[in-house]
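S.K.: As you go down the protein sequences, you meet chains A and B in turn.
In my numbering, each number is its position in the first sequence, counted from 1, plus 817.
In my numbering, each number is its position in the second sequence, counted from 1, plus 817.
There could be a bad hint or two in this list.
To be verified - Cβ-Cβ distance ranges computed for the label pairs, FRET-style:
| hint | chain 1 | residue 1 | chain 2 | residue 2 | range |
| --- | --- | --- | --- | --- | --- |
| 1 | A | Gly988 | B | Glu1104 | 50 to 58 Å |
| 2 | B | Asp930 | A | Gly988 | 27 to 35 Å |
| 3 | B | Asp887 | A | Pro885 | 48 to 56 Å |
| 4 | B | Leu1027 | A | Glu883 | 47 to 55 Å |
| 5 | B | Asn889 | A | Val1088 | 55 to 63 Å |
| 6 | B | Asp930 | A | Leu1027 | 38 to 46 Å |
| 7 | B | Lys926 | A | Pro1083 | 45 to 53 Å |
| 8 | A | Ser1054 | B | Lys948 | 56 to 64 Å |
| 9 | A | Pro885 | B | Ser875 | 52 to 60 Å |
| 10 | A | Thr858 | B | Trp1107 | 54 to 62 Å |
| 11 | B | Glu1081 | A | Pro885 | 56 to 64 Å |
Unchecked claim - Not everything, but these chain A residues come out facing chain B in the computed CB check (under 10 Å):
| hint | residue |
| --- | --- |
| 12 | Trp880 |
| 13 | Thr892 |
| 14 | Thr959 |
| 15 | Leu968 |
| 16 | Glu970 |
| 17 | Asp984 |
I should point out that these hints are in silico values taken from the structure, not numbers from a laboratory.
All of these numbers come straight from a predicted model, not from anything done at the bench.
Using N, Cα and C, we set each Cβ at its ideal position, and we do this for glycine too.
2 protein chains.
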Amino acid sequence: MVYIILDISGVEINFLRHGVKTTFFKRFGFPLRILGMMSGTSGDGIDGALVQFEKDGSFSLLWHQEFPFDANIRTRLKKLMNGCSEDEIALANSWMALLYSAAVEKFRKAHVDKIDCIAAHGQTLAHIPQKRKWGGVPLTGTLQALSGSWLAEKTGLPVIYDFRSRDMAVGGQGAPLVPFGDLRFFGGLPGDTVALNVGGIANITVIRRLPKPKVVSAFDVGPGNLLMDALATKISSGKNCFDRDGKIAAAGKTCRQLLEELMEDPFFELVPPKSTGRDRFGQRRFESIWKKWNRKLSPQDLMSSLLNFTVEGIASSLEKYVLPNGKIDRMIVAGGGAKNYELIRRLKMRLRGKMQIRISDEFGVPASAREAMAFAALGEAFLRGIPAGIPAATGAKQPVILGAFAP
Amino acid sequence: MVYIILDISGVEINFLRHGVKTTFFKRFGFPLRILGMMSGTSGDGIDGALVQFEKDGSFSLLWHQEFPFDANIRTRLKKLMNGCSEDEIALANSWMALLYSAAVEKFRKAHVDKIDCIAAHGQTLAHIPQKRKWGGVPLTGTLQALSGSWLAEKTGLPVIYDFRSRDMAVGGQGAPLVPFGDLRFFGGLPGDTVALNVGGIANITVIRRLPKPKVVSAFDVGPGNLLMDALATKISSGKNCFDRDGKIAAAGKTCRQLLEELMEDPFFELVPPKSTGRDRFGQRRFESIWKKWNRKLSPQDLMSSLLNFTVEGIASSLEKYVLPNGKIDRMIVAGGGAKNYELIRRLKMRLRGKMQIRISDEFGVPASAREAMAFAALGEAFLRGIPAGIPAATGAKQPVILGAFAP
């Protein structure tokens, strides 16, 4: 058994795989241009990001673009995600490949850069990370609709796909995968870094350089935009679905009592790794807040308080579970929340003297391209034989190479 | 657009793929030992065959072995094949990988030979070769349960899998795939060859050397053992499920009238490519024959007539659809029928002067290892960047590389 050390992006990653170095691919040299592609559970479209990787480990985003699904496709996808048969899955594999290839065609029309390879997530139809007894055998499993063979054939490009399975084969949850992208793109920075993503839920990736850059943990820290978006939708009667630039929150004052009440949520006492979602910080939670507080507080004050809830969830998680293990030099913010100026301003205020707050875009990773770029990074790792599974994030027994390849 | 000619087994294969030679793999040299693995729709187990491929194109079967499923597994598999949900498929992918890896473990215990790579079919849960309109989009698709990533992780060996999808992406039926194995293993012989497989149904692969060995057609020619097996089961009240060595048939005399009646089946008038199955030559057909003839003929005479039906289906198909296009030097017989001496004897008699009748085993391909060996050949082709899809067999628009790769 030997450890192999590969150098990417000034980031050295230790790995171990059956004691043998496994690099299979001879066709791919540098610069390497990988198109990362992602379609999420929201089912609203495919994000693409073409990343150029250089031999010295540096990278640059050549472009990123969205391929939105039309209403017809969204409806069919929702239906699929609510349950389907083996025949529907056989067809969905081909169908998603056709949609992904239509996206590639659109991207190619808009940009001239040569693409070497596609790294595509596919559309999750099932994900069972906890062992389920099935005919006496405890099993986990995951299913992303996308035929790599079809996509390769239709685009004429090699395709890397099925990124989640192998981590689950070594006891991991097959998620989250994006922390590897954070490591790839931010691991080369001096000092220790937290990558924060403020989507519906807020989550962080903690990267420490000791002695080599490494993801030491990755977990959900509390609500991101879910509650604020619900409020924006409510007070505009559905006209606006979010508080653009944080303007509503900026015009209000936070209610201490409400904030304290919200922070009593037992989620914040759970020791990481942990994850949460809509069931805890979604519409139902919002409705109960609204019912109790909408007569006592102005919409602005309510928004301000919910924004501070997000800020406090992030900051207190850092104070409880990250900073005790060593200082953090910077927190890099991505996701929709990175565009909420008021959120950034208050995060800076709240964590002043503890760490810098920076926007992901400053480091070559536009907030909205982060996920698709992460899949490009996963593709690079696959081609170079680098295990991209991160046990600290997924709970796997060991880091393994993620993905399968259709030439 | 350029044609690329690669030499395997003295067989040269023309192919075209986006005008570019695509060989991705640098790790694999010669000799190359590939474990072909197959589990069929009967759901009774996994066949394995370790084939060693040499640089000069020669090959040898190192061993072949079966991994039978126990009753519990067979029951669950039958249930799965009768319909399942997305969650069950996610788990079935992992489950089949565990079963395949258990088979590999058993094989490794019995044989010391180093395995370089696995080429595995998986378990078909859905196969939709005819375009089906689905939300307005006409689609085909196929689904073999087997996570390549899981199998690679559990065995520590690279895995090639998902062999059927890509042929379907270019309009093919994704089946049959075994003709490529016939081409690989018999294409190096001098002259023109028909590979005959007598399973439940009988099918042939026609290989002509003009100017390079090529599969010119592959199709079902009529019943194989289905009707004879049904009769063996009936007359032994379930004790025997087939006519061992063809002894019952050898003791009988064929009834001309019955044979003529059977040969009136319109299937024999269909121009190839064509396929058939249990619906035409299965239990229901047998019952109607039995009802009409069991008082008029002895069991031996009935068996003899059914055997001649199989022989006549094969011979007349050759006479109608193969021999008019040029002579055939030999027919190589595989499948359960290859062990039926009486079948072989009557085939020889019926086709005397037209072609030699030989048994697959004589050419290094034991009849019972033929399918698993074909998957080993498909694995070799994948690693060498050789398109193994055969349009003459599947109806695809062009030959494409088949398979995906988990390192």
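S.K.: Hints numbered earlier in the text: which of these fail when held up against the supplied structure?
M.R.: Checked against the structure, the hints that fail are numbers 5, 8 and 12, while the rest are satisfied.
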